[in-house]
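Trainee: Given the structure of chain A, go ahead and fit chain B onto it with the hints provided.
If you read the sequences in order, they're chains A and B. If you use my numbering, the first sequence corresponds to residues 162 to 581, in order. If you use my numbering, the second sequence corresponds to residues 162 to 581, in order.
Hints listed in this document are in silico derivations from the structure and should not be mistaken for laboratory results. Incorrect hints may have been included.
If chains are identical, the list can't say which one is meant, so a pair holds when it fits in one copy or spans any two.
Pairs of lysine to aspartate or glutamate residues, derived as DMTMM-like cross-links and limited to a Cα-Cα distance of at most 20 Å, are as follows [as the list claims (entries may be wrong)]:
id	residue 1	residue 2
1	LYS409	GLU446
2	LYS447	ASP384
3	LYS312	GLU369
4	LYS456	ASP568
5	LYS287	GLU508
6	LYS287	GLU253
7	LYS287	GLU511
8	LYS287	GLU277
9	LYS495	ASP577
10	LYS495	ASP325
11	LYS287	ASP501
12	LYS409	GLU441
13	LYS409	ASP380
14	LYS287	ASP502
15	LYS287	GLU531
16	LYS287	GLU517
There are 2 protein chains.
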Amino acid sequence: MCPDKNARPNETAYNIVKSSQLEFLLSISVSDLGMRHWLGYEADMTKRISFFIAGTEGRARTGVISTPRGDIRTPAFMPVGTAATVKAMLPENVRATGADILLGNTYHLMLRPTAERIDRLGGLHKFMNWQAPILTDSGGFQVMSLASLRKMSEEGVRFKSHIDGSAHHLTPERSMEIQRLLGSDIVMAFDECTPFPADEATARASMELSMRWAQRSRDAFGDRPGHALFGIQQGSIYRDQRQESAEKLREIGFDGYAVGGLAVGEGQEQMFSVLDYAPEMLPAEKPRYLMGVGKPDDIVGAVERGIDMMDCVLPSRSGRTGQAFTRRGVVNIKNARHQDDPRPLDEECECPTCREYSRAYLHHVFRTGEIIASMLMTWHNLHYYQELMAGLRQAIVEGRLANFVADFHETRAEGDIEPL
Amino acid sequence: MCPDKNARPNETAYNIVKSSQLEFLLSISVSDLGMRHWLGYEADMTKRISFFIAGTEGRARTGVISTPRGDIRTPAFMPVGTAATVKAMLPENVRATGADILLGNTYHLMLRPTAERIDRLGGLHKFMNWQAPILTDSGGFQVMSLASLRKMSEEGVRFKSHIDGSAHHLTPERSMEIQRLLGSDIVMAFDECTPFPADEATARASMELSMRWAQRSRDAFGDRPGHALFGIQQGSIYRDQRQESAEKLREIGFDGYAVGGLAVGEGQEQMFSVLDYAPEMLPAEKPRYLMGVGKPDDIVGAVERGIDMMDCVLPSRSGRTGQAFTRRGVVNIKNARHQDDPRPLDEECECPTCREYSRAYLHHVFRTGEIIASMLMTWHNLHYYQELMAGLRQAIVEGRLANFVADFHETRAEGDIEPL
Chain A
162 MCPDKNARPN ETAYNIVKSS QLEFLLSISV SDLGMRHWLG YEADMTKRIS FFIAGTEGRA
222 RTGVISTPRG DIRTPAFMPV GTAATVKAML PENVRATGAD ILLGNTYHLM LRPTAERIDR
282 LGGLHKFMNW QAPILTDSGG FQVMSLASLR KMSEEGVRFK SHIDGSAHHL TPERSMEIQR
342 LLGSDIVMAF DECTPFPADE ATARASMELS MRWAQRSRDA FGDRPGHALF GIQQGSIYRD
402 QRQESAEKLR EIGFDGYAVG GLAVGEGQEQ MFSVLDYAPE MLPAEKPRYL MGVGKPDDIV
462 GAVERGIDMM DCVLPSRSGR TGQAFTRRGV VNIKNARHQD DPRPLDEECE CPTCREYSRA
522 YLHHVFRTGE IIASMLMTWH NLHYYQELMA GLRQAIVEGR LANFVADFHE TRAEGDIEPL
Chain B
162 MCPDKNARPN ETAYNIVKSS QLEFLLSISV SDLGMRHWLG YEADMTKRIS FFIAGTEGRA
222 RTGVISTPRG DIRTPAFMPV GTAATVKAML PENVRATGAD ILLGNTYHLM LRPTAERIDR
282 LGGLHKFMNW QAPILTDSGG FQVMSLASLR KMSEEGVRFK SHIDGSAHHL TPERSMEIQR
342 LLGSDIVMAF DECTPFPADE ATARASMELS MRWAQRSRDA FGDRPGHALF GIQQGSIYRD
402 QRQESAEKLR EIGFDGYAVG GLAVGEGQEQ MFSVLDYAPE MLPAEKPRYL MGVGKPDDIV
462 GAVERGIDMM DCVLPSRSGR TGQAFTRRGV VNIKNARHQD DPRPLDEECE CPTCREYSRA
522 YLHHVFRTGE IIASMLMTWH NLHYYQELMA GLRQAIVEGR LANFVADFHE TRAEGDIEPL
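In isolation and in its complexed conformation, chain A is listed as follows:
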């Protein structure tokens, strides 16, 4: 089926993308081009971070965020490296799956090993051996979900560490300081992630606080060439509040904008209905980041709705609990049906797990509690996610996203291959 006229690549946008960037954008895995920032490449941190849109289809966009530490192909999925490691993976292998950027968690790192220690050791990139870009969250979300004895005020949040009970005070200014000490390439403004559900008044108070904190984050961040600061839109499921938040953020001015307060229990339907309007309220020429999303079909739906960046622990966490993502849905490797199955998780997958190991082997090492089970399952899942992103990018450039999405849902609906 031929895609309609409006869905064809945006020729004007193409013109502002250098041919090397287009090649990079379309590469499925990390090419030599993509690795140049990794091996022996010295980042020129005076270069400003920029965003080029290479193609659009409907509301979906594909492009490249260009940073001193390397290019980020969008839509981008960011694996989560909570405590300075993507669990069960060596960083070069995360990179090899096609990840251009990682997410690091400010809350975890400020507690252990501390931002000051990472700074003394040369920054997070050097510490964890990841030379490509890193985005750090502001710490706010995890303070609310993990810390004990939290006390919110206009100034910030006081809390006690869930590890050792030590007292901390996280404010917009302190969050900016921590993210600077970590050496984060993309810094997130400090906000309050409005819980769901929230009535209009609660949502408004929370959004307005986040907007005041957004201004303080901007002021504290200052001008740091080579680094970007992203603002975070709040407003829960209230369209007028989302609009108001977007306007306030535009007024302050950020290098990118996140849609916050989603993926917090509202369900896919409600999330998509917010994404049907919220991203377009944000500046079109800047990257739009949907925080903490998600399952593969969440990602596809978000990209269709104009999102450029996402992050989620799901591929790595599921890997450790025996769930593999495949084109045909989720495979639960614990299931006894796999114990004699010589086939890979996915016959068409090119990841090392699928090329070299059977379901029977994965079942065995998972059941015996071997570390290699987490290693191989995580690798496959991260590869699956990055392959999905590459497919989305290519489909948008070629103006066939609608077909790609239809195929995606159809193949998943078939379910896993029949047992032998």
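Mentor: Okay, now just chain B, sitting in the frame of chain A:
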């Protein structure tokens, strides 16, 4: 210091080693030559396993065991892949440390996933994605240390699985069958590992039983080109019993010989005093294998005493518990002294852990319980062990083992580098 005349390379032995084998023997890591058996190489299983001695110094020897699945440089250290995985390592990375052969545990594999299942899935090499040689133990040792409700008889050992309580009967014939089903390249005779201490009568009865089982193992093994059967010498610390056992094994005839019943709690001094005579009772032209050894200084002492092969869980197990082996002794990465230390475990080590990660990072990921701690620490330890073996091999070929051993002890005695 010039080594003495007797310590020079054995010129005659050199002549029977092909130049490609000598090159392989002297390579520190896995060269292209060493990888040829790994990538796309089809093993010709009609080829007999042979052993060439390339050089000797005192009682120490270096050489190559040539098998259809690849050459094994001796003295060889075999990492242990208990449940079809060297814990926390991908097999290609175990190979890259310089390991030419792995050890698999019959006891674990017969219980889970079972030898019959591994056979149906194409054998252990394919199952675990390890294309180089595999040696399997007979299962006897671990029945005694792990299983419950053991009942010994002339015929074999009945026991209940430590996993699910299922009943099993391990005999010489069944052990040979399991090791055949696994596809093991080097099969160990079924024996009773005489506990330590054992009085003379107990040791004798145990040794004599093991010798009857050795004959039954030999009979059951049959003639299997491409595969080797090793006999196991017993006799505890009693020289006459060791002699008698060696004679009985020679009479039966094996492709290699293990010194059994050591590294079972007797201590290094007593082990070395047995190794001062026991290996030389075994045929000089066949490989000699010391089972379950050991710490780096155990290995050096065993090689000096004529041992060609060893295996131990120590480098991988210690890695998981935060102990790193270095030229300067053991580093306990848990120790707070490392938390701000930007230096690698060992400045001179070429492993990925030492090239890319600081002690501070290893300390952090170990303390936070991250899987990457086990991965990186194990990789370093396996690399250290293989580098030690490569150093021993090269020293023997070049007739400077005595100097090498003196340096080894001297550097260790210096202890770890000073804290910063």
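Trainee: Tell me, which hint numbers fail for this structure?
Mentor: Hint check: nothing fails, all pass.
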